[in-house]
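Student: With the hints as extra help, turn the sequences into a complete structure.
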Amino acid sequence: MKSSDSRLQTASLEEIKRGYVEEAEVYTCVCCGYETEAGIIYPEEGVLYEAERYMRVHIEKAHGSVFEYLLALDKSVTGLSDVQRGLLAQFYEGKKDAEVQQALGIGSASTIRNHRFVLKEKERQAKILLALMELLKNKDLHAPAAWVSPVMKQGHMIDQQAFDISEAEREKVLQSYFPEGTKGPLTTFQMKQKHKYIVLLEIAKRFEPQRTYTEKQVNALLQQVHDDVVEIRRYLVDYGLLEREPDGSQYWLGSAAEQQGEGQRPAT
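If you number the sequence shown the way the working numbering does, the last residue is 264 and the count never jumps.
Calculated from the structure, these hints are not laboratory results.
It is possible that part of the hints are untrue.
Listed below are the simulated DMTMM-like cross-link pairs for lysine to aspartate or glutamate, each with C-alpha atoms no more than 25 Å apart in a straight line [as the list claims (entries may be wrong)]: (1) LYS71 - GLU11; (2) LYS71 - GLU10; (3) LYS212 - GLU241; (4) LYS91 - GLU119; (5) LYS201 - GLU165; (6) LYS123 - GLU40; (7) LYS201 - GLU10; (8) LYS71 - GLU46; (9) LYS91 - GLU130.
Tutor: Have a look at this one:
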């Protein structure tokens, strides 16, 4: 099953906020990977729910709320200190500054107001950083043409070590994960980001330039690579190696593949 870190990394901000991803009529919880499927009715305590509504019921029963789940993540994921985590929990409950100060025993009410300011400042900085990264990926025309890591569509950048991948390293990684050759199956998709990007670039070569694919065709092609079709497809899209229509009806080689001399949007 896909790890929680991986689910959060590939989900959009809106998907993370609502707690689930919708893809091909399947709703997947970003917290635990639980899935519901359109067309199936889910009973719960004498009430019948459609798939999307039941996903919200699941999140509430299993995780309390998306806020609670995210707040409980490791500080290496959230970037929050223990104090900030405690403050956010209190704020979420709607408590006043004086009540928060009394509950946590931190300084005074003015100290709590200062903490609120710091958190708001972090929010503003995060928005600017996301905007900068989005603008950068469309404007960085001077990046080296060979083996440059892209900015993921959801605002995540792969590790800095993924830059400047040598040909020798690329060949070594591909031989490791494609023991039968790059036209054969992939042994696993559980690997560090740097290797994942190298592997995804190779997988993208299986798609023909200037051709559109339906989601079913993409899945059939990726099934020949590895059973984890949904995760690989999502990573291809997030890394810009595949582009798609908003409704997922059509896919084609994307701008990152084009940078490698492969992709170009089909003429309409």
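Student: For each hint, tell me whether it holds in the structure or not.
Tutor: Cross-check of the supplied hints:
1. LYS71 - GLU11: Given that 25 Å is the threshold and the Cα spacing comes to 21 Å, the pair holds.
2. LYS71 - GLU10: 21 Å, holds
3. LYS212 - GLU241: It holds: about 14 Å lies between the C-alpha atoms, which stays within 25 Å.
4. LYS91 - GLU119: Between LYS91 and GLU119 the Cα gap is close to 20 Å, so the pair holds against 25 Å.
5. LYS201 - GLU165: The hint holds at about 18 Å.
6. LYS123 - GLU40: Violated: LYS123 and GLU40 sit about 39 Å apart, past 25 Å.
7. LYS201 - GLU10: 31 Å, violated
8. LYS71 - GLU46: The hint is violated at about 35 Å.
9. LYS91 - GLU130: 36 Å, violated
Checked against the numbered hints above, the structure violates hints 6, 7, 8 and 9; every other hint is satisfied.
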